[in-house]
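Order-wise, the sequence lines are chains A, B and C.
Heads up: the first sequence begins at 107 in the working numbering, then just goes up one per residue.
Heads up: the second sequence begins at 13 in the working numbering, then just goes up one per residue.
Heads up: the third sequence begins at 283 in the working numbering, then just goes up one per residue.
Everything labelled a hint here was simulated from the structure, so no lab data went into it.
Since this is a predicted model, take the numbers as computed values, not measurements.
Hints may be right or wrong, so weigh each one.
[As the list claims (entries may be wrong)] Computed footprint of chain A on chain C; a stretch qualifies when at least three of its residues, placed anywhere within it, have a C-beta under 8 Å from a C-beta of chain A:
| no. | region |
| --- | --- |
| 1 | 381 to 390 |
| 2 | 464 to 470 |
| 3 | 527 to 540 |
[Unchecked claim] Beta-carbon label-pair distances, calculated as ranges:
| no. | chain 1 | residue 1 | chain 2 | residue 2 | range |
| --- | --- | --- | --- | --- | --- |
| 4 | C | T335 | B | K182 | 38 to 48 Å |
| 5 | B | K276 | A | L189 | 48 to 58 Å |
| 6 | C | F348 | A | A220 | 34 to 44 Å |
| 7 | A | E200 | B | D130 | 41 to 51 Å |
| 8 | A | W192 | C | C459 | 16 to 26 Å |
[Unchecked claim] Cut-off 27 Å, straight-line C-alpha distance, at most; resulting in silico cross-link-like pairs (DSS-like, lysine-lysine):
| no. | chain 1 | residue 1 | chain 2 | residue 2 |
| --- | --- | --- | --- | --- |
| 9 | C | K341 | B | K68 |
| 10 | C | K448 | B | K354 |
| 11 | C | K448 | A | K433 |
| 12 | B | K95 | C | K341 |
| 13 | B | K276 | B | K178 |
Ideal Cβ positions, reconstructed from N, Cα and C, are used throughout, including at glycine.
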Amino acid sequence: MPVQTQGTDTAGEPDVHKAEARPGPRETKRGTRASRGRSAAAAPYLLLLPALLATLTLLGWPLVKNGMLSFQNLNARQLIQHLTEWNGFDNYQEALGSSEFWSVVQRTVYFTTANVVLIMLLGTLVGLLLARLGKRMRLLLMLGLVLAWAMPIIAATTVYQWLFAQRYGVVNWVLDKAGWHSMADYNWLGTQFSTFSVVTMLIVWQSVPFVAINLYAATTTIPKELYEAASLDGAGPWKSFTSVTFPFLRPFLYATTFLEVIWVFKAFPQIFAINEGGPDRLTETLPIYAFVEGVGNQHFGMGAAISFLTILVLIVITSYYLRAVIKQEEDEL
Amino acid sequence: MKRKLIAAIGVAGMLFSVAACGDDGDSGKDAGPESFKGQTLVVWTMDGSAPADWTKDVQAAFEKKTGAKVKFETQQWDGIQQKVTTALSESNPPDVIEIGNTQTPAYAATGGLAELEDLKKEIGSEWTDSVNESSIFEGKQYAAPWYFANRVVIYNKKIWAEAGIKDTPKTRDEFFKDLEAIDKKTDAEPIYMAGQNWYFFDGLIIGQGADLVKKDGDKYVSNLSDPKVTAAMEIYKKYASFSSAPKDKDEANPQQADVFSKGKTGAFIGMGWEAATAIEANPAIEKDLGYFTIPGETADKPEGVFLGGSNLAVAAGSERQELAKEFLKVVLSDEFEGALAKANGVIPNKKSLESSLEGNAVAEAAAPAAAVGGTTPLIPQWAAVENTPNPIKAYMTAVLKGKSPADAAKDVESEINKRLAQEN
Amino acid sequence: MKRSLFGRIWPNTTAVLLFVVFAFPVYWMFATAFKPRGDIITETPVWFPTDVTLTHFDKAVHADHFWTLVRNSVTVTVVAVLLSLVIALLASFALARMRFKGRRGFIVTFMLAQMAPWEVMVIAIYMLVRDSDMLDSLVPLTAFYMMMVLPLTLLTLRGYVAAVPKELEESAMVDGCTRTQAFVKVIFPLLAPGLMATSLFGFITAWNEFPLVLILNKGIEHQTLPLWLSQFRTAFGDDWGATMAASSLFALPILILFIFLQRKAVSGLTDGAVKG
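Isolated chain A, as found in the complex (with noise of 0.2 Å):
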């Protein structure tokens, strides 16, 4: 049940409301704010400390130490005996230069735009559906669905493999005994169209359930005098659906779909563990890119710079709601 963020927000508000009309509690509040003073204006800050300095020591440091890796020539050689060699924006020159890069992020944008769009639509399909069974069915569903949203990445991408694989595979057989006779022997991993087929399978399944399951708890929310007095109007199925359940559900939306950019971008052991970049690095998006150039061939000067250009296009990508954000709690406070 992550990320209600916003969903609840706004599903708290009339509460908040009401609370401001009574008048007690209010003056009462007041009351203990003056008796307080400046312990109260540091509270904030106390609370937030361990997590800032949380996330200055374990993300920051490793970030600037990233960032330094980036301008330097670190291969094998230079990591096993301590060498720094610096060498300017050489890991960034090659890298934009390089035809190949830009034809990753291409890829790698609508790799995320596509995944994105089918796991936000089945979710909230199968999210309505689960909220339209009766009590029996919707268990069942949702035991289908944690069972899939539980899986390890690592057991998911293995059993994938094999499901999809081509001689021995489940996929091929029963594609093949359902009269679709070509694909008795179809090799899943042999063009890049197939391959990221297999990806977006396995993302998307792994993916709709944490969508579904949150977009049905966030519908049973809904007050149910909002559709009685939409039916008393005289809308229909559809009319409530978009003038009840989804100007409610929209906010839910959004944080979902931003948590899903994010995930999706940065999905790795699926597209490395599936059929690891290939075939001939067709399938490589931004995270698999760095991880090939610096890991693999051990250029890690090379994939330090990479992955703050993978984290650059992340932000560029995810700016519009990044903005939205910041204008949301600018309105609140």
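Take the given structure of chain A and dock chains B and C to it, following the hints.
What follows is chains B and C alone, placed relative to chain A:
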């Protein structure tokens, strides 16, 4: 700040330990084994290299000789390159490391391996040249050859009999004729040949007397478009035409031994231990298994093979260099080198020990080809070429799917050259 | 409103189909783990293992230091998740309930922190840990896992805290509680299901992590289960039976945890929100 402090302590520590070494050096030599007492040597071997009984015997012999203990740590294959590279950079690395023969030049070039010239002088005079070659970098010994293996033909006697074949083939043409017979007379797949069995392809290249790289000025470039390499690829294509195996997978996916164990495949080209894998999957197949040397152009010379294998190296950063060398003397002694060859059916580092292979059908089939075996180019830059995704595998798949070898080579050569040009 | 027969049947049919799609890979993993080697790679899939064997599990459990790795994995995962929950709870309370300068900056910082490319940063992290002489220890590993899950934990908990009606807290304070007491006595119990739900994400992330532990902890006594899981897939090909058996064992604790926590979490959230 902190790093500087640590570095300072490190330097101080080093001065101290150098001084300590100086002291020890003199007295240590006289004391002999005594000074090793209480120490523990850490040895990294790859999964499947060191059999349990053999390990136990080595430990006992080593302790008896030096008074020190040895701890074997079995390494898994996943991510091994990252592990070895980072381990060599540490202040307390494993003392002895098993390193693949084709990887050895690259690691020697990083400065992470200790030089072993004196060890070679002391115990290495009989080492077979072809297997010791990979341990030499810029004229100096950086590792010691440990064990080697090459591929053989593993075949299903029942299917061959069904096809009316009486004897195992002595030349490549005879082999192809036999495969044709199996194709016609039985419903079995004549041979399982995955499209990317790249080490078998390397063997064919060696058989043609070709090389995968050539010198261009002072640097190495791809030689994939060489007519001899093309000839090797044509032979490979002919083999693959008898198989319905995936053209873009290697022999491990699915494991060819698993496919073979179903009893519907005439033969496959694999390592000796793959026969054991097949038997594990289907015990009934054991009685039908047979082995022969991969036949070459003519009956007097077997097909070229890739001589895979492992060397043992001492980490340059190890604080127990002398003890590590003592360990190498024990493991590489005739007793243990021979015992390993016998237990694993692998080819030992000297000719005189090959007698320990007697009675082992696979090893006996493998040994004749070992004499004409070779490796991948022994230059430090080569290891990068084989990194996933291996461009040569892409070349093989492209040719098998109908591209002309020249075009296929052109497609991947820039990638190969890029990798060869990488600094280490 | 009465629904037509069709209107009643299609949701149920779809649900069953979806159940099969989502559960089948999980089933296939367990089923394969129990099959003898000859039944695993077959021309016609063996849908139900008739000839059940435990050899694969036996092999998986008897791998070197298996129980040490189990202990390490459990320790690292549980400590990392608990730490991140505590740290995130404190921070989320500030972010959801208080007004102060820089609040927006903090929120955006944590949102950006979610984007950290951990897989590619392993070398930088490795060098820091190596130079601090902390290799082969569970401490840095736990710390970094904690950090990997902290941003999402924090942002999620902020949502849960915001969902608890302010009036509850305030009325507790009217009753003479301090703000801390109000938090512990009133808000925390309401948050409990949320905390559990949030911890799921952390569990699965820390439990799965591979690239970092691979190079930080080379001594087998300090390794975790993902490394064990990878050993049945070698350069020579995969031992599918053992891989599937190991995967099953690896997945089991997370599956159980999910099924257990998931129900609480959903009901907890809906209860809290509706009653509020």
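A quick look at each hint next to the structure:
1. 381 to 390: holds (count 7)
2. 464 to 470: violated (count 0)
3. 527 to 540: holds (count 8)
4. C/T335 <-> B/K182: 38 to 48 Å: Given a distance of about 43 Å, which is inside 38 to 48 Å, the answer is holds.
5. B/K276 <-> A/L189: 48 to 58 Å: holds, 56 Å
6. C/F348 <-> A/A220: 34 to 44 Å: About 40 Å separates the Cβ atoms of C/F348 and A/A220, which means 34 to 44 Å holds.
7. A/E200 <-> B/D130: 41 to 51 Å: Cβ of A/E200 to Cβ of B/D130: about 42 Å, so the range 41 to 51 Å holds.
8. A/W192 <-> C/C459: 16 to 26 Å: Since A/W192 and C/C459 have Cβ atoms about 59 Å apart, the given range 16 to 26 Å is violated.
9. C/K341 <-> B/K68: Status holds; Cα separation ~21 Å.
10. C/K448 <-> B/K354: violated, 77 Å
11. C/K448 <-> A/K433: Judged against 27 Å, a Cα distance of about 23 Å means the pair holds.
12. B/K95 <-> C/K341: OK: B/K95 and C/K341 at ~25 Å, within 27 Å.
13. B/K276 <-> B/K178: With a Cα-Cα distance of about 19 Å, the restraint between B/K276 and B/K178 holds, given a limit of 27 Å.
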